[in-house]
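A.B. asks: Just need the whole structure built from these sequences, with the hints factored in.
Residue numbers (the numbering used here), protein chains in the order written: chain R, 1 to 113; chain P, 1 to 112.
Calculated from the structure, these hints are not laboratory results.
There may be inaccurate statements among the hints.
Some, not all, of what chain P presents toward chain R, calculated at C-beta under 7 Å [what the hints assert, rightly or not]:
1. Tyr32
2. Pro40
3. Glu42
4. Gly43
5. Pro44
6. Lys99
7. Ala104
As the structure is a prediction and not an experimental result, all values here were calculated from the model.
Even glycine gets a Cβ: it sits at the ideal position worked out from N, Cα and C.
So the chains spell out like this:
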Amino acid sequence: DTGVSQDPRHKITKRGQNVTFRCDPISEHNRLYWYRQTLGQGPEFLTYFQNEAQLEKSRLLSDRFSAERPKGSFSTLEIQRTEQGDSAMYLCASSSGGSDTQYFGPGTRLTVL
Amino acid sequence: DQQVKQNSPSLSVQEGRISILNCDYTNSMFDYFLWYKKYPAEGPTFLISISSIKDKNEDGRFTVFLNKSAKHLSLHIVPSQPGDSAVYFCAASDTSDYKLSFGAGTTVTVRA
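C.D. replies: Right, dumping it as structure tokens:
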């Protein structure tokens with residue numbers, strides 16, 4: 001059994017470019033979460049899916065951010081017109097319906113130049 | 001508004017001694033609490049959790065205590081080992097919406 005995987009692990013981009021990250025949750029986990037972590041802080045909730053339905057979005061998720069989970073399995077997080085303030089670690093987590101424990105992937109480190 | 005607070009940014013402890021990490025929360029709707037451990041450049045790793053119906057949960061060297069009236073929880077690691085050196089995050093959720101609120105973390109250094 002593999003854990004949560006994320007791709008890429010690192011992304012360096014220029015301001016104004018679009019980036020897309022992928023998350024593959026633990027098999028059969030129906031809930032998938034995206035968080036963002038900046039230096040010296042704990043992870044902050046961005047959005048949450050149950051199966052393919054996006055059930056909640058944080059106010060941190062501006063209009064430049066969009067997330068999808070089209071078949072209820074993997075998810076993508078896209079950031080359009082990146083800004084330097086988007087530089088952070090983007091974390092994905094998943095959990096099963098019968099448990100409240102979330103298991104995290106290794107994260108994608110985004111650097112916007 | 002930070003709903004979960006870890007007021008000690010760092011903790012240094014000698015190998016073999018007890019490490020005690022503290023966490024306070026403000027949202028009375030939180031009913032599930034977790035501790036995660038994080039190494040640099042990795043995602044958080046789940047350590048231990050506790051439901052609000054309990055006041056203690058133990059798993060090997062790790063014990064979590066919950067004081068609901070004080071809105072306070074703590075993580076005890078005994079005995080501390082060099083591999084325990086990491087950043088520890090306290091997290092809480094209201095199981096009506098499942099999203100986790102995290103503290104800012106405590107960096108633990110275990111000295112040989």
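A.B. asks: Going back to the hint list, which numbers does this structure go against?
C.D. replies: Violated hint: only 2; rest satisfied.
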